[in-house]
Amino acid sequence: MVKFNRFILDNGLRVIVHEDHTTPMAVLNILYDVGARDEDPGQTGFAHLFEHLMFGGSVNIPQYDEPLQRVGGENNAFTSNDITNYYITLPAANIETAFWLESDRMLSLAFSEKSLEVQRNVVIEEFKQRYLNQPYGDVWLRLRPLMYKKHPYRWATIGKEIKHIEDARIEDVKAFFKKHYNPQNAIMVVGGDITTEQAKQLAEKWFGPISAGEKYHRDLPQEPEQTEERRETITAKVPLNDVYMAFHMPARLEEGYYEIDLVSDILSRGHSSRLYRNLVQEKQLFSEVHAYNMGSSDRGMFVIEGKPLENVTTDAAEAAIWEELEILKQQLVPADELTKVKNKTESTMVFSEMSLLDKAMNLAQFELLGDADDLNKETAKYLAITAEQIQQQARSVFRKENSSTLIYLADKN
Amino acid sequence: MINRALAPDFRPIDHIQLIKPEHISFNNGCNLFSFNSGDQELVRIEWIFANLRFDPAKPLLNVAVNTMLTEGTSTLSASQIADKVDFYGAFLQVEYGYDHSQVVLYTLNKHLKSTLPVIKDIITDSIFPEKELATFIRNQQQKLQVSLQKNDVLARRAFNKAVYGNTLYGLGADFDDYKTLRRDDMIWHFRQMYQPSNCTIIVAGKVDKATLDELSSAFGDKWENPTVEADPSQPELQPVTEHTYFIEKPDALQSAIRMGLPSITRANPDFPSLAVLNTVLGGYFGSRLMANIREDKGYTYGIGSGLSSLIKGGAFFIATEVGTDVCKAAITEIEKEVNLLKTELIPEEELSLVRNYMLGSLLGSLENVMSHADKFKNIYFAGLDYEYYDRYTQVVKSITSEDLIQLANKYFDMDKFYRVIVGKI
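Top to bottom, those sequences are chains P and R.
Per the working numbering, the very first residue in the first sequence carries number 1; after that it's consecutive.
Per the working numbering, the very first residue in the second sequence carries number 414; after that it's consecutive.
Worth flagging that the hints you see were computed from the coordinates, not collected in a lab.
Warning: the hint list may mix true and false statements.
[Said to hold, decoys possible] Derived lysine-lysine pairs resembling DSSO-like cross-links, with alpha carbons at most 27 Å apart:
#, chain 1, residue 1, chain 2, residue 2
1, P, K163, R, K837
2, P, K174, R, K710
3, P, K149, P, K400
Just need the whole structure built from these sequences, with the hints factored in.
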């Protein structure tokens, strides 16, 4: 149970306070309701590049990191296809520094040309390091456009190509800031050794004067129902063949999401899971095989990925995965197995409450989805799922015409 | 109107309160340390064993035995072990480290009675079945092929081999090393290593009397040592004479750079001071390496330096991946930054920032009772006591720029640096 208080400033900024007086630390987490899905198709990777620029100085504070480190704080941020999230942890006694820094960059950035030039280079190096200079690193650059034809999930957060990052101009940065970075599009969570009264006073003082800005109304092209199986095979300089299968699945708030989330646990969580036991241990077809889903705001991806052993063809490997999916469609998950994945979900929730930062991030994400208190109702929703519901979702998701398969063939020359 | 250009007042961190453990010493030589904080109904229990002496002819025994502990006992198959643990929502991990190997259990207190017997079984009765061993070898060999295509992995392997020589620390397993694994060697290794006299148990979380009773009854005096003693001694480190390594990758978009040299361990009185110097150079986001090579030049996504402190010795290293076109320039800048530490005093402004950052970071690393247990492990296995942390915070608060310039000259001798580049120059 994560307790919290909630209030909204006049400018629309939503604030959540989670008091935890067992720690001498505090966190300040700000979620901006903007991700790679909100980008222009000709300027992909921009939300993430922008995240880097948020550290390049704001209108009144030339240097973001330095004053924070000076008071014993640390910070980081991440961008996903749906959101951009910034967080600070610091000794609770110095929490006001966090309010000062975060409010100034919500007010306005410095928009320095030098910062843009450097961060373009940094992000291009990140692009190379994580997506191009790694075996299989380009998988998301290939699998996303195979599966999505219309929806902006068709590009990865890093962007479609390096050129889009090279082309970013300071006018684009300013326009993006104006459109997305204002109180109405943000959720702030303050947690740790701080009282709600203190948080309220500091929020009013530092964030209150920021003008509301314009509310961004999201209107994204929706992905049409997939009607045919899609496939792509690439020969690449990778050491082993690799099979990726992706399926469209329910959005985070849609009917069926919890069922499919449990399916990924049944298939792939821990050494008692079906794919590991049957395909790695028993049939000895793969060296590794995983299933996971992206709990995305819009209809998401369910992915199964496996590296077949060298004496196993990719056809045989694929067939073995399909066999497991057919079992899910035809047979009800036995009671013990369902209890097992539910127990694991429950204990994971308890363990996640050990971390102040995790609690703060979770509250922000649930508030964005509709209500921070849903965090506390999450376990009950999983516990209520039946084997019949799981079977029904498996039948609806694991269809050939709903699948996109990407095969890497190892080029050994 | 508030003046936004003016930073709010702040307080430096004065004191850091660490939770110290309760200690139980069993007659069989096993030591149990417990950290109790009853906020959540869960515990983390670690069984930590010193690795056995490195045998170059059978280099993978320590890691293979540890990794395969979950693969079967005389009464439980691998599947049954996984089923039991997962059914109770627990997490069982085996973790191999350079000095120690461990088994870790995260469990809700209410399920301890059901999960603990599984751990007892794998720690006392693992049998390393032939079929599972064959699977392990094949899968590890496959995974190795993938890692060996990563430039940063190759750089780390080459660096460790050079700095630590032919020891557990310097070992980078190759394909054929896996062929040396034999089941009977593993069983022998297991019996010798996983015995009470070579075991330290660390419990953190809600540790009530019932928890301690369960643990004592399973791992206390009734758990007997075999007749053969564990030999956790290790050969001395043997840094090699060749200091420069270039592994060419003609298709590389980035080159991995790793440089550094053998250094002191936490047990050395200079260690906290060197930690401050390392932080200035490359130990945090605002460090000189990051400020210059990422934030000013844009050569890399990330660069950092670190100190590794192991029982037989330590190392200092700088690591990054940079665009191949700027590889030479990046190395020049790295050398420039190291030399600056040796020739110019660190300005007090920068040093005071680093002091506060390091203390905040130490405070922030104490997120929950498990982090307090981790702090204890750092000192316990280095043969130190809690006085170390008092000294550490004292040094961070009081060290001077003059001390640091001397330290840089003492520990950062560029002529002794090992340099590894993987990619293109």
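Structure versus earlier hints, numbers of those that do not hold, lowest first: none
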